[in-house]
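Enquirer: Chain by chain, the residues:
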Amino acid sequence: MSQVVFSAKGITKAFPGTLALQDVDFEVHAGAVNVLIGENGAGKSTLMKILAGVEQPTLGTMTMEGNSVRFDSIRDAASKGIGIVFQELNLCPNLSVTENIFLGREIAKAGIHIDRAAQTRRTTELIGRLEHDIDPSALVGDLMIGEQQIVEIAKALAEDARILIMDEPTSALSASEVEVLFKVIGELKRAGVAIIYISHRLEELIRIGDYFTVLRDGRLAATAARENVTIPWIIEKMLGSEEVVAKRPPAIQAGPPILSVDHLSLPGRGHALALDDLSVSFRPGEITAIYGLLGAGRTELFESLYGLRPNARGSVRLDGVELAGHSVNRRMKSGLLLVPEDRQRDGLVQNLSVGGNLGLASLRRFTRYFSISKAHEAPLLEQIIKQLHIKTASADAPITSLSGGNQQKVVIGKSLLTEPRVLLLDEPSRGIDIGAKAEVFSTMRDLADQGLCIVYTTSDLKETHAVADRILVMAYGRITADLRAEEASDEALVRASTLKPETALA
Amino acid sequence: MSTATSSPAPRANGNASALLLLLKLRTFIALIVVTLFFALMAPNFVSVANAIIISKHVAINAILAIGMTYVILTGGIDLSVGSIVGLTGMVAGGLLAHGLQLPMLGIIVYPNVLEVVAIALLVGTAIGAINGLLVTKLGVAPFIATLGTLYVARGAALLLSGGSTFSNLVGKEELGNQGYPIIGSGNVLGIPVSIIILIVLALVAAYVAQRTPFGRKVYAVGGNERAAALSGVRVDRIKIAVYMISGFCAAVVGLIVSSQLVASHPASGETFELNAIAAAVLGGTSLSGGRGLIGGTIIGAFVIGVLSDGLVMMGVSEFWQMVIKGLVIIAAVVLDQLQRRLAANTRQ
Chain A
2 MSQVVFSAKG
12 ITKAFPGTLA
22 LQDVDFEVHA
32 GAVNVLIGEN
42 GAGKSTLMKI
52 LAGVEQPTLG
62 TMTMEGNSVR
72 FDSIRDAASK
82 GIGIVFQELN
92 LCPNLSVTEN
102 IFLGREIAKA
112 GIHIDRAAQT
122 RRTTELIGRL
132 EHDIDPSALV
142 GDLMIGEQQI
152 VEIAKALAED
162 ARILIMDEPT
172 SALSASEVEV
182 LFKVIGELKR
192 AGVAIIYISH
202 RLEELIRIGD
212 YFTVLRDGRL
222 AATAARENVT
232 IPWIIEKMLG
242 SEEVVAKRPP
252 AIQAGPPILS
262 VDHLSLPGRG
272 HALALDDLSV
282 SFRPGEITAI
292 YGLLGAGRTE
302 LFESLYGLRP
312 NARGSVRLDG
322 VELAGHSVNR
332 RMKSGLLLVP
342 EDRQRDGLVQ
352 NLSVGGNLGL
362 ASLRRFTRYF
372 SISKAHEAPL
382 LEQIIKQLHI
392 KTASADAPIT
402 SLSGGNQQKV
412 VIGKSLLTEP
422 RVLLLDEPSR
432 GIDIGAKAEV
442 FSTMRDLADQ
452 GLCIVYTTSD
462 LKETHAVADR
472 ILVMAYGRIT
482 ADLRAEEASD
492 EALVRASTLK
502 PETALA
Chain B
5 MSTATSSPAP
15 RANGNASALL
25 LLLKLRTFIA
35 LIVVTLFFAL
45 MAPNFVSVAN
55 AIIISKHVAI
65 NAILAIGMTY
75 VILTGGIDLS
85 VGSIVGLTGM
95 VAGGLLAHGL
105 QLPMLGIIVY
115 PNVLEVVAIA
125 LLVGTAIGAI
135 NGLLVTKLGV
145 APFIATLGTL
155 YVARGAALLL
165 SGGSTFSNLV
175 GKEELGNQGY
185 PIIGSGNVLG
195 IPVSIIILIV
205 LALVAAYVAQ
215 RTPFGRKVYA
225 VGGNERAAAL
235 SGVRVDRIKI
245 AVYMISGFCA
255 AVVGLIVSSQ
265 LVASHPASGE
275 TFELNAIAAA
285 VLGGTSLSGG
295 RGLIGGTIIG
305 AFVIGVLSDG
315 LVMMGVSEFW
325 QMVIKGLVII
335 AAVVLDQLQR
345 RLAANTRQ
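In order, the protein sequence lines correspond to chains A and B.
Letter 22 of the first sequence, counting from 1, is numbered 23 in the working numbering, and no numbers are missing.
Letter 136 of the second sequence, counting from 1, is numbered 140 in the working numbering, and no numbers are missing.
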């Protein structure tokens, strides 16, 4: 058993209204890959932010090589030997590799004159150590994603990181780039660096992990060394046993397919296809869940269906009418609607009221002559607020005064006012609490029972079972499983979600 | 006209809410304060004649600011309006003075005043459309696109006359193009035509902004462009339309200015764009888009107008006038920030 370089004990982190972490212990072994697993919202990111100095724990102690430590900032943690590679790369595309690596801690003579030669030398060394030959003067924006990741790692190593945190490092990488990354990780291990590795890709974790820590709902669920870990064990510890929401059976029979997708393809980054010759159809009265990992192509599928991806090829037919080439506006009018994943960025207009947001997609319905008729608008808004149980003082209240779950319902309500026939919901439960989730799911069932075709994506296994009648799994831009909900086991879903296409990508 | 800011009153209590109300009404209060100040300090300030003179000055800036407010509400900016004022004035002046020369037919057509007005408005609106196309279809940043058209339009204005002025635009009876000075100097029921134009434009603009689907979409585009697009709003069309509105308003001002002077000068309208932006900002329009009211902008334009004319009447030097105007704008923005923070606090 290798040496423990860092240990956190009894870590608790409270945010207003929630406990993100409760009494979590975490040990980090030197020269090993320490894997951290958990579902979205289990507290992984919060724990990593505490380790990297981005957040401070509410309670708990941390010791590094026997000494008690605390990190006031990410700089502070970095200077004490903890480096982090964030899931979203934090590089400036307009600066060179060297400039990025030394950003904020330039090697400077007399504090003002940057010693470029010294920086370039050090960069060449670091990149060399990672067995790459990236030009130190190349602009980061010109590099491939995999190469950018190497730059991020070099940046972390530049301060002699003894602990390196990697948050979903492979989510944006192609298969061959993943191999390179694993080689680098092997070398870092041999050099005695402790790696903390976060990922959803279980096969990957089993391959490179040495020590496993599973978080569930902000608590420590289990820890184990490699030899005692199997994929079923991880899934069991990660999910627990309790149901999220009581499932309601459909009240009506699903009809014949209303939305048909044929040979849909979409180019992705590099050589990979974001959507790879995908064919599927959806039926009214049925709720379909699309499960998959980050980057599996779920959002790309929805955006292609909704006309947001002009370079998508293939056929999309709604009720037999071909939609290819139609604008978002026309697709909406034919009855297809997308409820986007990021409601702050894509769903809501912050400066409009609750009612302003609700009505935005269906202004035509209550426009008389040139103007918006309050008399026609108000009853429709009232009705939808009541139907979805949106908790708001009134339709005139600012949208920012609502809770996350109610904001999500506003986004759904906005879609419903357009009287859609097919509703695509991208991660409808993201960032809302368990009670609001139950209500959103219940709303989805109500709508399906009214004859709508409902399709939603999720990266939460429990949520696939919570409401769906049919479960599709996507991986690498393909559909790798298409199951009735009652015959879909967790293990089958997880395995399907990591299935690689047989042909090599590179 | 209503208050100077856009958000509906959040529930709050006690002193904070009183302070918040004061801050929300700040531009209106500022207008009352400067008016009272000059009423006491400047002789002859309070008179119907003076009120009309000030209003005529304000009308020019306020009309530009109406168009500007639409553009800023979408998160854009239009620097070209001053040049459009110059160019459309020159187009009108040229048509009145020298007619439309058609060398191929060997004739000169003299359009009547209504036709001249229509052509000038069309030119202004077309330049606005070019701005909009540059911003949307070619993805040029609004600041740069309209900076470009600022130069192009000004150059075109100078080219039309080789840099000289078209003067004495009264028209000739035998050419049937008389009556142009009415726009700038005429009265209807004792009210100057330019002020009537302002009132009509302001009412229409406020109505369109608040009560029509187009207005709602303008606010949505400025508040969250992606969310608007995903809701089926054709963002490009909205943006092109607001630049066309701004160009149209600038053309109206071009006509009023050249008509008032009975002459059109290619340099007319220089720096007008800055005054228009100042009026919008003073009236509570947020430069990041999505927040602002036409009513606020009009009040903002009056604050600037009363301030300049009052200072002139008091005999304050032109140099000090600029300093004071600048300070007032900065103060307005600082108060706006204060109000927003206070509103955010009271809501919690």
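If you are wondering where the hints come from, they were derived from the structure by calculation, not from laboratory data.
Cβ atoms here follow ideal geometry from the backbone N, Cα and C, with glycine treated the same way.
Among the clues, some could well be false.
[What the hints assert, rightly or not] Listing some non-contacts, in silico: residues in chain B with all C-beta distances to chain A over 12 Å:
#1 L77
#2 I200
#3 V212
#4 V225
#5 L234
#6 V237
#7 A245
#8 V266
#9 S292
#10 M317
#11 L342
[To be verified] Not everything, but these chain B residues come out facing chain A in the computed CB check (under 7 Å):
#12 G188
#13 G190
#14 N191
#15 T216
#16 P217
#17 G227
#18 S235
#19 R241
#20 G294
#21 R295
#22 K329
#23 G330
Enquirer: Would you mind marking each hint as holding or not holding in the structure?
Expert: Here is how each hint holds up against the structure:
For L77(B), the shortest C-beta to C-beta distance to chain A comes to about 10 Å, within the 12 Å cut-off, and the non-interface label is violated. A cut-off of 12 Å between C-beta atoms confirms that I200(B) is not in contact with chain A; the least separation is 22 Å. Chain A draws V212(B) into its interface by the beta-carbon criterion, the shortest separation being 8 Å against a cut-off of 12 Å. Against the 12 Å criterion, V225(B) falls within the reach of chain A, whose nearest CB is about 9 Å from its own CB.
Here L234(B) does not stay apart from chain A, with its beta-carbon only about 5 Å from theirs, under the 12 Å limit. Separation of V237(B) from chain A is inadequate, the least Cβ-Cβ distance of about 7 Å not exceeding the 12 Å criterion. The claim that A245(B) is not at the interface with chain A holds, since no C-beta of that chain comes within 12 Å of its own (minimum 14 Å). Listed as a non-interface residue, V266(B) keeps its Cβ farther than 12 Å from every Cβ of chain A; the least gap is roughly 37 Å.
Not every C-beta of chain A lies more than 12 Å from that of S292(B), the closest at about 10 Å, which undercuts listing it as non-interface. Distance check for M317(B) against chain A: the nearest CB is about 40 Å away, which clears 12 Å, and the non-interface claim stands. Non-interface status of L342(B) relative to chain A is upheld: no Cβ of that chain comes within 12 Å, the nearest being about 18 Å off. Annotation: G188(B) was flagged as interfacial toward chain A, and the flag is violated, the nearest CB pair being 30 Å apart, outside 7 Å.
Given hint, G190(B) at the interface with chain A, is violated; its Cβ is 29 Å from that chain's nearest Cβ, farther than 7 Å. Hint on N191(B) is violated. Least Cβ distance to chain A is approximately 31 Å, over the 7 Å limit. Because the beta carbon of T216(B) sits about 5 Å from the nearest beta carbon in chain A, less than 7 Å, this interface hint is met. Taken as an interface hint, P217(B) checks out: its beta carbon lies about 4 Å from the nearest beta carbon of chain A, inside 7 Å.
Checking G227(B) against chain A: minimum C-beta separation of about 4 Å stays under 7 Å; hint holds. Residue-level restraint check for S235(B) holds (minimum Cβ-Cβ distance to chain A is 4 Å; threshold 7 Å). Nearest Cβ of chain A to the Cβ of R241(B): about 10 Å, over the 7 Å cut. The hint is violated. Interface hint status for G294(B): upheld, as the beta-carbon distance to the closest one in chain A is roughly 4 Å, under 7 Å.
Given the 7 Å rule on beta carbons, the hint for R295(B) holds: about 5 Å separates it from the nearest Cβ of chain A. Among the interface hints, the one on K329(B) is violated; its C-beta lies about 28 Å from the nearest C-beta in chain A, farther than the 7 Å criterion. Violation of the interface hint for G330(B) is found here, the shortest Cβ-Cβ separation to chain A being roughly 28 Å, above the 7 Å cut-off.
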